[in-house]
Amino acid sequence: MGNFITERMRVCATTGLTVDLDAQRFIKLNAVFGVVSLLIGAIAAYLLALTRWEAVALLDPIDYYKYISLHGLNMLIFWILFMEMAILYFCASTLLNSRNFSRALGYGQFGLMLIGWATVNFSVLSGRASVMMTSYVPLKAEQEFYLGMLLFAVGALLGVINFFGGVYIARRDRTYKGSMPLVVFGALAAAIIAVFTIVHGAIALIPAWLWSLGALEKAPDPGWYRLIWWGLGHASQQINVCAHVAVWYLLATLTVGAKPINQTVCRVAFVLYIMFINLASAHHLLVDPGVGAPWKMWNTSYALYLAVMASMIHGFTVPASIEVAQRKKGIGGLFGWLTKAPWKDPGFSAMFLSLLIFGFGGGITGVTLGTHQINIIAHNTLRIPGHFHMTVAGGTALAFMGLAYYVVPLIFQREYPLRALARVQPYIFGGGIVIMAVGMTLAGSMGVPRRHPDIDFTGARIAVDMGGATPFLAMLGIGGLIAATGAVIFAALTAYAAFFGKSNKGRAMTSWQTPEQDRMTKNLLTTAWNPAEGKLKTTGTVVLTLIFLASFVVYYFANWKALADVWYVK
Amino acid sequence: MTTPTEAEKPLTEPEDTPVHWLQRFMDNPWLLLMLGFFVPFFSYTVWGWVELLLVKKAELP
Ligand code: HEM
Ligand SMILES: [Cu+2]
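Going down the list, the sequences are from chains A and B.
Numbering follows the working numbering, with no gaps: position 390 of the first sequence is 390.
Just add 1000 to wherever you are in the second sequence, counting from 1, and you've got the working numbering.
What the hints contain is simulated information worked out from the structure, not anything from laboratory work.
All C-beta atoms, glycine included, are put in the ideal place defined by N, C-alpha and C.
Where hints are given, some of them may not hold.
To be verified - Have a look at the derived ranges for each label pair, beta carbon to beta carbon: (1) B:L1035 x A:G506: 42 to 48 Å; (2) B:K1057 x A:V265: 47 to 53 Å; (3) A:Y107 x B:V1050: 40 to 46 Å; (4) B:F1041 x A:P449: 28 to 34 Å; (5) A:D565 x B:F1041: 36 to 42 Å; (6) B:W1021 x A:P138: 49 to 55 Å; (7) A:I462 x B:L1035: 38 to 44 Å; (8) A:A293 x B:W1021: 48 to 54 Å; (9) B:V1050 x A:S503: 56 to 62 Å.
Unchecked claim - To be clear about the criterion: a stretch of chain A counts as covered by chain B if any three or more of its residues have a C-beta under 8 Å from a C-beta of chain B, and this derived list gives those stretches: (10) 115–121; (11) 212–226; (12) 260–268.
What the hints assert, rightly or not - Straight line, CA to CA, 20 Å or less: simulated SDA-like cross-link-like pairs of lysine to any residue: (13) A:K177 x B:V1055; (14) A:K522 x A:L150; (15) A:K535 x A:G214; (16) A:K537 x A:N262; (17) A:K28 x A:Y496; (18) B:K1057 x A:G290; (19) A:K177 x B:D1027; (20) A:K140 x A:K28; (21) A:K177 x B:P1029; (22) A:K296 x B:V1055.
Put together the whole structure using the sequences plus the hints.
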């Protein structure tokens, strides 16, 4: 049924799936540079955490802005996008039972992204582009910075085109029957959103580049630039959301044998993402004067809540499918499915922690901060990095780490060293991120701004009172050090495994789970069973959901109260 | 009645059974691509851009 070329494929000894060797090469190349970017970002993260911890105040302002630019770009753009490229190759080939679409596009994708990556990192590290990842005009970087970003974006576009080409030939050659698998559908959603993202990146960055070159005399209008830039900046995060939700489904299958309870509902949720999630770009402009309240409210509330609903659907169906699979194995009790889960399998723990941090931490703060009225007391405070480290670091980055614990053994065909350390790594990273993000959120609630190296204005004539924020900034610093250490452990183990790990060619990968767990999971994966059958209940997930909703209500209304306190009305 | 709601169902369905319109809609990646681009493009980008164009120039006193 597949359309593979015999001398360019192999059959995976663990899963029995067919792997296209071209796709495999590009998965490896992209994953390696993703991990290198993560390492660069993590080194910068140490410096930033030690700077925002006012008691330490490590970097001077010049260096602070250099390293915050380095961190934002390498974490948010490079690590995430390289990994997403790897995911697109995997989904459009192995999961569709089809070959890679075009080797030339593959090299074009990787080559351009690599050149762009090197150019931008050179520019930032040599102090020529300390404009932070947003590069808001009229802040001006040297021209190669914009050029590097554009090359990187064009490379990503080629990767997306290659993905769509893959979908096209798979449909043409009928390599799969009926609908495409759910995980691929999630990747499709990510690829569609990527098109919107990249177009906006081009519209914003080309004029900025021309202006930096001197070809345009006046900088682009700052309000206009922010509008278009956030079409890139916000939408790129939604690529992440789709990709990591797809990774949740994939890891739930690989680690506990879960099957989505209701495919149609999951797919509808992805369609809601495709159509509505990008509107929320507007939440970055909630205090901008140029756009009016109806535009803001429509795009961040009414229409957006359709996308929020989609997140809640995924947040429910993933744990529910895990619960059902565990019950199918005969595990009982309200939370037996959780207590008896393979917590020592870093693929599972990373996936589940990612789900919890993203849902409880990122989701609740996100909906609150994205509310037009509440935003005014939170905009540009540390509450914002507090929120997005729970989505993009504790959510996406952690999910991708979990994925790597399976990609390296299955695609690189090499085993991880120091397996005990790998098992605790997701907890170190996830725990550190939570501590740091809570510290940021609390400090931000007291008015501490983001993107500021020295909030007590060392040496100023009049001492600036830090209020009660000091302990929370210490939390930020300590949590940050723990998280950055977790990221470095991951990068080191993964890089070692990818190049020097023990080869498992021709054998199944060494399981992360106990023989008993492993046997039960494999059993589920190889037998036909129906997760919607009546006796498999999801009560545990329902209880978790109720706790989630209650936490949301408390947090949301506490914020309205805080807002009301700003205007004291007798 | 079994609908495509059962997991994996669509994967094993014979090709000639009638498919629900929602499923057909979701099986069309090109239509989804168009919607995914143009819905936010009009709601966010075009509308926002127009609002910025309508901002009146501040007159210096
Ligand atoms: C490894 C552990 C990490 C630590 C300790 C850390 C710490 C920090 C700190 C202290 C800041 C500066 C906040 C400010 O002063 O305004 C920051 C900013 C930021 N971080 Fe992280 N972070 C980590 C991981 C990540 C990851 C994995 C991502 C994304 C995938 C990420 C994305 C960002 C972004 C986008 C910014 C904002 C930069 C800007 O304002 O221009 N971080 N981070
Ligand atoms: Cu956003």
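Next item on the list: Please name the hints from earlier in the document that this structure breaks, with their numbers sorted from lowest to highest.
Entry: Result: hints 7, 8, 10, 13, 14, 15 and 20 break, sorted rising.
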